[in-house]
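K.L.:
Make a model of the complete structure from these sequences and hints.
Protein chains: 4
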Amino acid sequence: MIIVLKSGINDADVDEVCRRITEMGYGPHVIRGEFKTIVAAVGEERGRPDLRLLEAMETVESVMPVQQPFKLASREVRRDSTEVRINGVTVGGHDVVVMAGPCSVESQAQVLEVADAVKGSGAKVLRGGAYKPRTSPYAFQGLKEEGLRYLAEARKRTGLPVVTEVLETESVEVVAEYSDILQIGARNIQNFTLLRRVGEIGKPVLLKRGMATSIQEFLLSAEYILSAGNPNVILCERGIRTFETATRNTFDISAIPVVKKLSHLPIVADPSHGAGRRDMVAPMARAAVAAGADGLIIEVHCDPDHALSDGAQSMFPAQFDRLMAELRIIAPAIGRSICLEPVRRGGWGS
Amino acid sequence: MIIVLKSGINDADVDEVCRRITEMGYGPHVIRGEFKTIVAAVGEERGRPDLRLLEAMETVESVMPVQQPFKLASREVRRDSTEVRINGVTVGGHDVVVMAGPCSVESQAQVLEVADAVKGSGAKVLRGGAYKPRTSPYAFQGLKEEGLRYLAEARKRTGLPVVTEVLETESVEVVAEYSDILQIGARNIQNFTLLRRVGEIGKPVLLKRGMATSIQEFLLSAEYILSAGNPNVILCERGIRTFETATRNTFDISAIPVVKKLSHLPIVADPSHGAGRRDMVAPMARAAVAAGADGLIIEVHCDPDHALSDGAQSMFPAQFDRLMAELRIIAPAIGRSICLEPVRRGGWGS
Amino acid sequence: MIIVLKSGINDADVDEVCRRITEMGYGPHVIRGEFKTIVAAVGEERGRPDLRLLEAMETVESVMPVQQPFKLASREVRRDSTEVRINGVTVGGHDVVVMAGPCSVESQAQVLEVADAVKGSGAKVLRGGAYKPRTSPYAFQGLKEEGLRYLAEARKRTGLPVVTEVLETESVEVVAEYSDILQIGARNIQNFTLLRRVGEIGKPVLLKRGMATSIQEFLLSAEYILSAGNPNVILCERGIRTFETATRNTFDISAIPVVKKLSHLPIVADPSHGAGRRDMVAPMARAAVAAGADGLIIEVHCDPDHALSDGAQSMFPAQFDRLMAELRIIAPAIGRSICLEPVRRGGWGS
Amino acid sequence: MIIVLKSGINDADVDEVCRRITEMGYGPHVIRGEFKTIVAAVGEERGRPDLRLLEAMETVESVMPVQQPFKLASREVRRDSTEVRINGVTVGGHDVVVMAGPCSVESQAQVLEVADAVKGSGAKVLRGGAYKPRTSPYAFQGLKEEGLRYLAEARKRTGLPVVTEVLETESVEVVAEYSDILQIGARNIQNFTLLRRVGEIGKPVLLKRGMATSIQEFLLSAEYILSAGNPNVILCERGIRTFETATRNTFDISAIPVVKKLSHLPIVADPSHGAGRRDMVAPMARAAVAAGADGLIIEVHCDPDHALSDGAQSMFPAQFDRLMAELRIIAPAIGRSICLEPVRRGGWGS
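Protein chains in written order, with our numbering: chain A, -7 to 342; chain B, -7 to 342; chain C, -7 to 342; chain D, -7 to 342.
Keep in mind that the hints were calculated from the coordinates and are not lab data. Please note that a few of the clues may not be correct.
If chains are identical, the list can't say which one is meant, so a pair holds when it fits in one copy or spans any two.
Derived DSS-like pairs (lysine-lysine); straight-line CA-CA distance at most 30 angstroms [what the hints assert, rightly or not]:
(1) K28 to K195
(2) K28 to K253
(3) K(-2) to K28
(4) K252 to K(-2)
(5) K195 to K253
(6) K195 to K136
Given the structure is predicted, the values throughout are model-derived calculations rather than measurements.
P.N.:
Structure follows, in C-alpha cells:
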C-alpha cells in the first residue's frame, strides 16, 4: 500500500503514520517529494489489518493499493488455469463449452423439447430456471422444486448436465440435489451468506457478475466461495448497467481478457442477458468466443412468443443451430475448438 | 402499455398482436401513424399477465409502459404520506429525524460513548452495525449477536431506538428481537427472499437503495415488503455507482424529490456512504435536508482513527454537533423542523 | 409520439392538449385507460415542431417517442447499406477494412516505418494523429501541419490512404488537403459547428462515438454531417465511460449490431481506445469483427516505450501481424473476408 | 508518481525503469515488497515529461499519480478562494449569486419580461441562450446575433449583467461584445481550441462540466483557460450521465464540496439541466446552496408551455420567487447570504 499524506504536514505527523503502520505489522518507507510525502507500507497484506483504515487519519490524503485484494482467485497465487469438471464436461479446457436452454422451466414438455434441440446443435450443458428472481413481486416466480424435477428428467434423457439458479440459502440443498452446477445470479453477487454456503457444498458454481460489480469485486466474491473450500468456480460475464438504453445491459466484453489475466478461474459469457434482445445474442456470442471466453450460456425457447419470462431475448432453436456453426469457425482462431459429438450418455450418473 | 410494431408489418400481424392482447385480458386500440403502427393495451396491469412479454414477438419493436409497475408503494394508490412510528419517533412527519452512531459496533464502551454523544446533539435513533457485509472475506465481519446486545444496552441507557442491518433470513429473528428498525443494506436490495421475510415480520424496515438500482426498481423492492403485509417501510438514498471516482459513490440527491413524488413512503439519506469521506458528510447532509429528506442516517465515531470499518467517513462528535446546528437553520426553509429535546425515556419499551 | 397525461386531469385538460397537438400539425388520438389517459399524436415528426415541448405543460406527465429522431441516417429511409469508397478501399462492403498506424505522428521516419509494417500485415488505411486533443494543456499537442506532411509522404510511398483527426473548424481545410478521411474525435461528437463544416466538405468522415454518447445521439451527430450534404460517414465505436476502472473505457461491443440495425452507415471499431491496454487490443479487435464490424482502427508503434502518447495501448508490429492472421479466420464466420493483397499502388492518386 | 512493476521481473528490469525515470528528469526510489516492487519517481511533474508514458513498458504494471495534474486551478498553488467580479456582482464572495432567465432568447418582449421578473425576485445576473447546441440538426438553433442584441437591451433596462453561451471560436468575439460572462456549455468541455480562445479574451467564463467529465478533467479544462491568461473562471455543475433515467441527468451534488476542496475557483450549480424537470429544480437549487455552491443558474420562463426549448424544466416566475425566499433562509446556515437589493444601476457600464 502507498499512503499519500496531505500537503503541509510536519515530521511528527509522518512519524505517527509510520508508528501506526508498524503497529499494524508492516514496514514503513518514507519518500519525500517536492509537494507530497508518501509512505510505502511493505508486507503481506492478506491476513493482516487493512491499511485502508488509515484513510481515517486527518493527516492522510489517500491510501492506494498496489496489490489485488484477492488471493485464492489470483493468477499470482495459482499460475495454471483452473479446469472445472462436470460429469464429462470440462470448462476451462481446450473446448469452448456451450450451455443452453430456456430462461424459465415452464413444463416437462417444454424442457425436454428445448433440451433435445440444443443437444442436437452441440450444447454440452442444459440451463433452465426453477427459482426466478423477479424485480416485481407480481411476476412469475418459477416452478421451484417441480421445475428442478423436470430438469433432472431432461438430464436423464439427454445426458446433459444441468445448471440452475439457487436464490437463497434455504434452497441450496434441494438445488444441489437435482443439479450439476449451482448458479448464483447477478443480484446475489454480494449475498455473502449464500456465497459461503455454496462454497461449503462441493458442487461447481457458476457465479454471475452483478450489474454494478467491478471486476475486482467480482473476484472477491469468487474468493468467498474459494475460501470456503470450493475450488470449482466458473465466472460469468452478463453485462453491466450503464447510461446506454438501447440494450438492457452493456455487455462488458473486455471483462473476459481482463479476468483471464488476473485470475486462473474459467469465465463464460451470457449474451442473452448481456443484450436482452434476440437479434443481438448471436453477435454477442460470437464476440465473446473471439475474445477468449471459455464458454457461453444462452437462452433458447421453442416458442418464445409464449415464454413466461425473457421471451424477447430467447433464440429459436434454428437460430441457435446457425450460431453454433459460426462459433465452430471462430474458435480455432484462438486455438480453441467447439466439440460437436455429444457428451457420453450416462457420464453424469451411474 | 403501448406496443410499438415494426415497420413493414401487414394487417394480419396487427390482428395477431390484438388477439394476444385480448387473450391476456386487455383491450387493444390500434393507431396507425405515417411510419409506425402502435397498439395501446388498456386495462389494469397489476395482477394481469405482463404485456412486456409481447416484446418476444417478431412483429413487435418495443413495449412502453405508461404506468409505474408498483402499486402499494405508489402515491396514485395512497395519496397521503406514510408516517412510520418507532417508539415515540415518527419518520415522515413534520420533524426531520436524524439517526446516528458508529459504522460497526466494536465494544460496549464504544457504543455507549457514541450513543451519549449523538443523543446530546439531537439524534433520535441510534445506528450501529453488528452483522457487516464486507466485499472481502478477509475483512472484519461484525460482532454479530454480541453486537446486538451492546446496542440494546445503549438503547436502555439512552432511550434511543436502534436501527441495525440484517444480512440474511437466518438472522431476521434475532435482529428483530434486539432492534427497533431492521435495515436492509444496499447489497440486499434485490434479495427478494429477505425482503419477503422482513415483510412478514411487523417491524419497521429501513431499505437502502442499491448501487445500481433505478428508482423504479427501488420502489418495486419496497413493494415486496409492503405486499408481504408490512406497511412500515422507510426508504434510504445512499449513492449510486457512476464513472466519477472522486467520491466512493455519487449521492443521487434528486432521488429524494423523485421518490416523494412517486411514492407516499418516507425517504431518508445516508450521506456517510453517499460520500465516503468525512469532510463531505456535512455538505451532503445539509443538501439532503434542503432537498426534502425526511431524515438522515450518519456515521459518528469517537475515535475514527481506530475504527474497525469506514473510519474515513465517520464524523467526530463535535463535527456532528455543528452539523445538527446547521440543519436546524435549514429545515424551516421547507416547512420542517429538527426537534432538539430528546425522545421520552422509556418510550420504546415498558 | 405518445403523450401521457397526469392522473386526475379533466376533460378540458385533455381537450387543451389535443388543441396544442393539432396546432403543431399532428392528429391527436385519445385513449382512456383505467388509470391513465394518453394521446397519440400522428404525423411525420421530422420537419414539424418537436412534440416533446409538450412536456412543459402542467397536465402532461411524459412524452414518449415511437420513432427514431434521425432520418437520413436511418435504415427506414435507406434500406441498403452504405459503402464508403476511399481511393480503392471500400468500407461497408464484403471486406473488413483494417486501418492502422501510430497514435501520434512523431517523425517522418517513425511514420514510414509503421506504415510499411502495417501495410505488410494487410492494413488498407494508414492512421496517425497530427492534431492531438489532450486533457491537459501541458501534454504533447501534435506536430500539426508538419505531421500532415509526413502522413502524405507515407501515403505516397505505400499507397495507403490516410485517416487523421481534425480538431477544429479552422484546420478543416488543411487536414482535408492532406488526408483521405477526416476523423472527428470522441470529444467533438457534439461539436455541431465542426460536424456541419465536415459535412460541407465532400471527403469521407470517420465519426467516433463520445464517451457518454447514446447510440441515438451518435446517429443524430451523423445526421448533422449527412444533412449538410456529405453521405460518406463511417461510424466508429471506441468505448463508453462506465464505473469499471480496469479498462480505460468500456468497449460497447453491442453498439455494433445495434447500429447496423438502426442505420445503413458502416461502423468500425477502435479497440485501442476501447481497451487502453496493449494486451486487450487483440481480444477486442477479434470480438468486434465477430460482432459484425465493417472495419477496425488500431494503434501500432515500432517503439511504444518511447511513444509521445498512448504507448501503453499501441501494439508492436509483430502483435498486429498475428492479430491479422486471427481475423482472417474469424471473418468468414459471418460471411466476410479480410483481403490480404495490398491495395493497388497509385489507386488513390493518378 | 508511483510506478508499480509486474511480478516476476528481475534486477535488470528495475534498473531499466530507474534509468528511464532519471532520463525524464525525476529521482527514482525503489521499494521492494513481498509480492511487488514499486519505484517512486520524485520531482515536480508539471512541465516535465509525463511519467504515465512508462505504462507502455512491458515490465510496468501501472503508474499511479500522487499529485493532481492541474496547477493553476489547484488550491495547493493558490490557497485563497478566487472571487470573480462582473460589473458590481462578485461570484465566490460572501453572497450566493443567482443567475436566471430563459433557456433560449425568443423575442425582445420575452427577454425583457423574464428579466424584470427575475430581477424583482433577487437574481443578480441574466441568463439566456442565443446560440443553442442541439442534439438534432432539425431543432431550433437560436436567434444568434439577434438574440445577443435582445439580451444587451435587457441588460440596459435592468442593469443585470448577462451570461450567454458561446458555441464556437468563430463567434467568440461577437458574444464577448454583447455579454458579460461567456458560457462554455457541457458539450464543449473538451473543445480545447475554444477553451484557449476564451482564455485569451479577458472576460469572465462560466465553464459547465460535461456529462461524462470527471472532476479531475473538469479542472484540467479550467486549466486550459487559466493557462491562456484568464483567471476569471466560474465552474458550473450541471449533472452527469448515469444509468438512472428518472431525471435527465444525475445532479452530482458532491462535486460542489469536492471542487471547493481541490480548487480555489468558485462553483455554481445549474439545477435546471441537472434535473430536467420543473418540479425538481427548487429542491436541487436548495440542496446546491446547502452544499456550499457560490451561486445558481436557473431557467425561468413566463410561458414555458410555448417555450422553444427546455420548457419542461423552466420555472414560472412565481415559483422562482418562492425559491429565492427559501434560499434566503438556507444561506445563513453556512455563513453565506443572498442579498436582496438589486445591483447598482449603471454599475456594468459607465
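K.L.:
Take the hints in turn and mark each one as holding or not.
P.N.:
Each hint tested on the structure:
1. For the identical chains of this complex, K28 and K195 are neighbours neither inside a copy (51 angstroms) nor across copies (34 angstroms), given an alpha-carbon limit of 30 angstroms.
2. Proximity of K28 and K253 under a CA criterion of 30 angstroms is satisfied inter-copy only: 16 angstroms between copies versus 33 angstroms inside one chain copy.
3. With identical chains, the CA atoms of K(-2) and K28 are at most 30 angstroms apart both within one copy (7 angstroms) and between copies (25 angstroms).
4. For a Cα distance limit of 30 angstroms, the shortest separation of K252 from K(-2) across copies, 16 angstroms, qualifies, whereas the shortest one inside one copy, 37 angstroms, does not.
5. In this assembly of identical chains, K195 and K253 lie within 30 angstroms of each other by CA distance solely inside one copy; the values are 25 angstroms within and 42 angstroms between copies.
6. In this homomeric assembly, K195 and K136 come within 30 angstroms of each other (Cα to Cα) both inside a single copy, at 19 angstroms, and across copies, at 29 angstroms.
In this structure, only the earlier hint numbered 1 is contradicted, and the remaining ones agree with it.
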